[in-house]
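So the sequences go chain by chain: U and D.
Sequential numbering of the first sequence, starting at 66, is according to my numbering.
Sequential numbering of the second sequence, starting at 66, is according to my numbering.
Keep in mind the hints are simulated off the structure, nothing from the lab.
Predicted model only: the values in this text are computed from it and were never measured.
Worth double-checking, as some hints may not be accurate.
Just so you know, same-sequence chains aren't split out, so a pair can sit in one copy or run between any two.
Unchecked claim - Cut-off 20 Å, straight-line C-alpha distance, at most; resulting in silico cross-link-like pairs (DMTMM-like, lysine to aspartate or glutamate):
no. : residue 1 : residue 2
1   : K68       : E276
2   : K142      : E164
3   : K148      : E128
4   : K277      : D201
5   : K155      : E289
2 protein chains.
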Amino acid sequence: MAKQNIYDNAIFYEGYKKIRDNNINANNLFEIPALFSMMPDLKNKRVLDLGCGFGEHCKRFVENGASKVVGIDISEKMLKVAKEENSDAKITYINMAMEDLAQMKEQFDVVVSSLAFHYVEDFSGVVESIYHILSDNGMFIFSQENPLCTCHTGGNRWTKDENGKKLYLNLANYGVEGERESVWFVDNVKKYHRTFSTIVNTLVETGFSIEKMIEPLPSDEILEKYPEYNDLFHKPDFLLIKMRKINFY
Amino acid sequence: MAKQNIYDNAIFYEGYKKIRDNNINANNLFEIPALFSMMPDLKNKRVLDLGCGFGEHCKRFVENGASKVVGIDISEKMLKVAKEENSDAKITYINMAMEDLAQMKEQFDVVVSSLAFHYVEDFSGVVESIYHILSDNGMFIFSQENPLCTCHTGGNRWTKDENGKKLYLNLANYGVEGERESVWFVDNVKKYHRTFSTIVNTLVETGFSIEKMIEPLPSDEILEKYPEYNDLFHKPDFLLIKMRKINFY
Chain U
66 MAKQNIYDNA IFYEGYKKIR DNNINANNLF EIPALFSMMP DLKNKRVLDL GCGFGEHCKR
126 FVENGASKVV GIDISEKMLK VAKEENSDAK ITYINMAMED LAQMKEQFDV VVSSLAFHYV
186 EDFSGVVESI YHILSDNGMF IFSQENPLCT CHTGGNRWTK DENGKKLYLN LANYGVEGER
246 ESVWFVDNVK KYHRTFSTIV NTLVETGFSI EKMIEPLPSD EILEKYPEYN DLFHKPDFLL
306 IKMRKINFY
Chain D
66 MAKQNIYDNA IFYEGYKKIR DNNINANNLF EIPALFSMMP DLKNKRVLDL GCGFGEHCKR
126 FVENGASKVV GIDISEKMLK VAKEENSDAK ITYINMAMED LAQMKEQFDV VVSSLAFHYV
186 EDFSGVVESI YHILSDNGMF IFSQENPLCT CHTGGNRWTK DENGKKLYLN LANYGVEGER
246 ESVWFVDNVK KYHRTFSTIV NTLVETGFSI EKMIEPLPSD EILEKYPEYN DLFHKPDFLL
306 IKMRKINFY
């Protein structure tokens, strides 16, 4: 199955870098706090970050006590920045697609992935590899775009009133899984839509026990400062799941 | 919290009975097959059916080998039919709200509930009671309206083209949980919307391990006979979850 390396596209990369450089974005306000709220105590833990990008999370895992962190990413451009800006003696960055994870011979206590899985076609293959490199009772935590987002097949995403206020999401094809072509800085960014039930079933059939699920919504404080995020009540942007590897007996 | 007994309303009851008497409906085509596909072997098992209605499922549980079946329902009218049409020496029907389940002193091996939880305000209380009356490793299987349905807050549910074909679901307020007033045969039928993540978290925090989730979609065969069910690809009507009670060690 296809492995997509969109972050090495120069135009995509510059566009992405610009929004990540702006501190007020949905990642910083919603996805990152939710992800870290799910993290276990990392003291002396070995952590693997799939799709580590610029390595900010890897750095934070070390600061939070991890004894060893490996960050993998398919994009050399992203890893170049990671090595420059977020290097540490305890961190190793490896240029590798997460679809090739079966080649990884090390064991980890915690596997994390932030906003990368919706680019992955072979989700069940990646989940299977994660299961095998996790230690007993190891934790697996990931975020991805919410299925209410990934199902989008084109056309206007929203119906708005005459003042431009979003009234509702034009939801179609939630039950039609598979590839979606979208435009994000460049044409033909491929995403893969899976329903809530397919995601859950893939995880539990592999041997994970789901411990928590988050679809982040804005607090009153955030809404007061950034009222535009009221839209998340119609369509949460993210889905996060925390799991534990079960030992079969 | 409120306990709703809409099925004892005469107009609601007659309207409901009419659609259930018609064999071609979404329950028969999608919900019931999915529910029974999740059932474990019932041989010598004690089964509790929450919101058993006319008792058709109770009867089938006995036919499938259950040693004892208890069906509870808040509606006397429904239970009257259950006793007339689906009685059996192994079945006991009890007129009781599922919110009062904590009073039940018996133990069960399997708890089932079909399309009743979206009428229940105190979902976590009911789930807690179910946990306590289940035997070790007991199974809990339920269906409810899909969260993409229960979130509806009024207005047109669909945007259609000039020929009346459904183009997309007008999805709003998915992130706003709580009571919804809807019209189904009578005014003011109360339903309670919960997101996928709230449903999952309530179950796992109580001590259930999720084994499977189904959002039923039509097969090619069904679509050929009943093309109108193509709409389910935009909005699945049902959500079903199968769980096991975990033993804390």
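Hint check results:
1. K68 <-> E276: The answer is neither: 29 Å in one copy and 30 Å across copies each exceed 20 Å.
2. K142 <-> E164: The answer is within: 19 Å in one copy meets 20 Å, while 57 Å across copies does not.
3. K148 <-> E128: within (16 Å within a copy, 65 Å between copies)
4. K277 <-> D201: within (19 Å within a copy, 22 Å between copies)
5. K155 <-> E289: neither (40 Å within a copy, 59 Å between copies)
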